[in-house]
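When you get a sec, could you build the whole thing from the sequences and use the hints?
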Amino acid sequence: MRPRRFLPAGALKGRIRVPGDKSISHRSIMLGALAVGETRVTGLLEGEDVLATAAAMRAMGATVERTGEGAWSVHGVGVGSLLQPEGSLDMGNSGTSTRLLMGVVASHPITATFVGDASLSKRPMGRVIDPLSQMGASFEASVGGRLPLILKGASPAVPITYCLPVASAQVKSAVLLAGLNTPGMTTVIEPVPTRDHSERMLRGFGAHLDVTTEPDGTRVITIQGEAELKPQVIDVPGDPSSAAFFLVAALVTPGSEVVIENVGLNPTRAGLIDVLRQMGGHIEELDIREVGGEPVADLLVKHSALKGIEVDPAIAPSMIDEFPALFVAAALADGVTTTSGLDELRVKESDRLAVMAAALAAAGTRVDEREDGLVITGTGGDPLPGTNGPIATHLDHRIAMSMAVAGLASRNGVEVDDTRPIATSFPAFETMLDGLVS
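Residue 94 in full-length UniProt numbering sits at position 94 of the sequence shown, with consecutive numbering throughout.
It is worth saying that the hints were derived from the structure and are not from the lab.
Hints are supplied without guarantee of correctness; some may be wrong.
Unchecked claim - Simulated DEER-style distance windows between Cβ atoms:
(1) T212 - Q84: 35 to 41 angstroms
(2) D372 - K230: 41 to 47 angstroms
(3) S138 - R289: 44 to 50 angstroms
C-beta atoms are modelled at their ideal positions from N, C-alpha and C, and glycine is treated no differently.
Listed below in structure tokens is the structure:
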């Protein structure tokens, strides 16, 4: 383990560029491997999660090579032409890699064994197993539908119409990816909209995909199978989930003024910015532009007096990974912040509701853990007391980074028990954070 105490160090100043969006990075490697020809990717997030995806696609026949910092070349094999992997596909800590690749494999005539680390092996895969089984794939999973599991793809797979029982971009994407090599039309009905990177990128690669929105907001997404994908040139925008920690750090640390460059502002991902602005956060969008079909801007963030609010649960899908960072902002706000509708956080890399409640309480926050959210009473801008001993991150990178930010806004610092998991999504986080201290 690699513990660290994050200490208050004054105002944050400067310009930074966070790593490429993790969701887009995963998908660019997968779809590049399913296209025929060379896909070139710049700005790729080179964290352990995305590298697990790259290794898996190599194991199934694609050529995936790093050509420079953040620059990668993917020579694909074509939809329907993946090869039988010789060994297990090691997903490390990446739930995204696992669930999306299960979709890819499900409609190919190959058998793959998925394994992961201790944290990933506790996460349920049943929500993906259910629809993929309906399409004809078969599974031998560990107890509770967990890893390790063996997936035998169907050839041909059966097109289905599947209504998502929970708002999950990973489940939606798994079904759509399986639909790429399934004869006919595969349809996903999404009662609550989630991030739409898969839809945007599938279209960009040439898949025939149709999206309609019903009067009640339900999205119906249909993809035509036996697709022929065309290689692309992709510039990955900065990950809003990674930017979240610096947004909150600048807002809660007195005297701070930070510009975060090239942040992806896809409307299905920008919920945190909306909520922080509702709380009184000063966040300006500079040089608004579009890169590869995704809206992008530089964000100017200044220290602000935040107010507690009741967060609309309808916004949760657009910021589900950013709630740990938001909880830290709430801990420094004036008044009470109430969150609900966050059941999904209990099945992430850790039970993020329970773990963040315990961590913030250890740092001196008044927090009430409820079944589907947290109620946090903020300090009104006063520093948190800090922790006496290390807080348990449970191998969760977002817990570690969120509590690092809390340490900047404390009197005595916050000790994180292990900073190693940060490398799964943001290897340069600590260096970048240290570089902003004036």
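Each hint, compared with the structure:
1. T212 - Q84: 35 to 41 angstroms: Once the Cβ atoms are compared, 37 angstroms apart, the range 35 to 41 angstroms for Q84 and T212 holds.
2. D372 - K230: 41 to 47 angstroms: The hinted range 41 to 47 angstroms holds for D372 and K230, with Cβ atoms some 43 angstroms apart.
3. S138 - R289: 44 to 50 angstroms: holds (46 angstroms)
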